[in-house]
Amino acid sequence: MPPPNTPEEGLVSAPTTATLALRPITRDLEVTTASPPTAAIPAVDLRALEYESNVDENLICPICRVALVAPVITNCDHVFCQKCLVQAHTLNPVCPVDRQPLLKLSSETRSAPKLIANQLDNLTVRCPNRMRGCDLVVARSLVENHVSRYCDKTLVPCPHPSCDKTIARKDEGKGCLHYEVSCEFCEQAIQKADLETHQDMECLNRKKDCELCGAEYVRSKQEEHTKECPEVEVTCNFAPFGCNHKMSRRHLEEHCARCDYRVVGPVGEQLAELRAEMTTLKEKDRLKDRRIKFLENRGYSAPAATENISSMTSLPAAQETAPYESRDQYFLSLFETMESKVERLSSALTEVEGRHSMMLFNETMPIKDQLTEIRSTLGVLGMHVRWLMNFRLQERGRVLGGGGGASSPSPLPSAAMGAGQESSSDSNLPRRLSDNMREHPPRL
Amino acid sequence: MSLGTKRLGKELTKVLIRFPCEQIQKTLPPGITLVKADDLQEWLLDIQVLDQNPIYAGETYRLKFRFGKQYPIGITPEVVFTKQENRPIPMHPHIYSNGIICLDLLGSSGWSPVQNVESVCMSIQSMLTGNTKNHRPEGDADFVSTNKARPKDIEFYYHDNEV
Chain A
1 MPPPNTPEEG LVSAPTTATL ALRPITRDLE VTTASPPTAA IPAVDLRALE YESNVDENLI
61 CPICRVALVA PVITNCDHVF CQKCLVQAHT LNPVCPVDRQ PLLKLSSETR SAPKLIANQL
121 DNLTVRCPNR MRGCDLVVAR SLVENHVSRY CDKTLVPCPH PSCDKTIARK DEGKGCLHYE
181 VSCEFCEQAI QKADLETHQD MECLNRKKDC ELCGAEYVRS KQEEHTKECP EVEVTCNFAP
241 FGCNHKMSRR HLEEHCARCD YRVVGPVGEQ LAELRAEMTT LKEKDRLKDR RIKFLENRGY
301 SAPAATENIS SMTSLPAAQE TAPYESRDQY FLSLFETMES KVERLSSALT EVEGRHSMML
361 FNETMPIKDQ LTEIRSTLGV LGMHVRWLMN FRLQERGRVL GGGGGASSPS PLPSAAMGAG
421 QESSSDSNLP RRLSDNMREH PPRL
Chain B
1 MSLGTKRLGK ELTKVLIRFP CEQIQKTLPP GITLVKADDL QEWLLDIQVL DQNPIYAGET
61 YRLKFRFGKQ YPIGITPEVV FTKQENRPIP MHPHIYSNGI ICLDLLGSSG WSPVQNVESV
121 CMSIQSMLTG NTKNHRPEGD ADFVSTNKAR PKDIEFYYHD NEV
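Chains A and B are the protein sequences, given in the same order.
For what it's worth, this note's numbering labels the leading residue of the first sequence as 1, then goes sequentially.
For what it's worth, this note's numbering labels the leading residue of the second sequence as 1, then goes sequentially.
Here are the in silico distance ranges between beta carbons for each label pair:
no., chain 1, residue 1, chain 2, residue 2, range
1, B, P29, A, K221, 48 to 56 Å
2, B, S109, A, A189, 54 to 62 Å
3, A, E172, B, S119, 43 to 51 Å
4, A, S106, B, E42, 32 to 40 Å
5, A, A189, B, M122, 49 to 57 Å
6, A, L103, B, S119, 20 to 28 Å
7, B, E42, A, G173, 43 to 51 Å
8, B, D39, A, H160, 34 to 42 Å
9, B, D39, A, K174, 37 to 45 Å
Rather than coming from a laboratory, the hints here were simulated on the basis of the structure.
Beta carbons: idealized from backbone N, C-alpha and C, even for Gly.
Please take these sequences and the hints and turn them into a complete structure.
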């Protein structure tokens, strides 16, 4: 089980029983005192923190004797941790200091003045992961953030899905380290995750005396020791300039003071500097050369797009001055310019084509419209003509029928029908005809 | 870790860890000495009455504290005098001969979580200092022979505010 201070997992899996039992009451009070909701479930147990310096007696809760956590103040002006007061109140509803009755916590307490909260926030504490090697000292208000987000030593669930152990955050990316390996120094079986701490702190054989200088060092830190061991053989500082002398590190300074090459040293250094500068300059020069050639080869295509003729005429001149390395290259570049010209022309061509078709289209549209209009006018005209013709025929028929004798109706029953209808609704006749016409407009 | 162990740890730290052994006397009030605090359940302290009260002059008395898990909240710590060689039970009208102390502070209604070992010792010290009656409470023999209850469960009637 993770230690109680561990954030996230420690908090979820192992809250103290007191916290659990208290939660409902705490909530009640919180709603009324409007203290931040995070106070109910701190990722870091602020009461278990180790304070950097002695805490002012005035900032210590009289109940738990630790610097106040989420302080509340009673109507009788006594300040307690909210949790402590809630606990004490459930047993005896009086102020623990002066025994004044506190019937309802919600109405007789409020959160302590901001001043107190600020002072508490500014108290410096040690990171709760100190046992695992984090030496950070930080303001109390920031410690929670540090532990839950940044501290390398915070235990987080093992990234392996089937492993339920925890691991320091810095090793999270290394996969599951919960398998046994044997320590190379003491042959003890150790979990891979704990190997480093074991070798640094616990392993019985972890210490080793340096064969050269006799100093004791931790085996796993051998490389670091070699870098500073005074007896290790090193080469002279002026080795690059020709000194072949080798000696222990202890004597290095002494030797350097009287090395024959020490005069050469500064000159050599300057030389190296100059050489480095030269190489960078050369490199730059080469880059520029390349750039110039590139621009010369491709240069005209850019201005050519806007003004065709002028750039085309200036082409040969530019090419004559260009420092081409060989004939082939010259022709190649010529070919490239031609190619680009062709490309340009073809694009111009497509543009013209497009413009043409657009124009055509634009002109055709009104013509089409006019055509339809004319067609419809024609239809109307035809209708008029037909109506007039009809009218004329009827006129003539009436004149004839009136001449033929009004006593005898039309001899044919079918004709009589049509005639009867026509005669009964004389005034509607022309309208109807034109309606019929419209239903079957003449196709021209 | 329960609140009790944490709080006692703090109290112990205050008298022990933060100050080396030879300085304990400086942090505890005069006349009070920490004898044994090996665990966080039972502590032993010696107290002396410092003024020239003839009843207690020259004597040292041993107090035994037993703490509950939820100390200082919840169960009142059980505080009694224990009898040993050179450590008698002090004569007082509110202290029975078996060491049980009749003091409202130590009853469940009188206890307050802001009290601590030091303040309890000082209260008892002052209770002895102010006493002029060199006798046991009434019915002492009777109470001592019949009582089986724990001190905190005994229903005392706190009537006497003089001593």
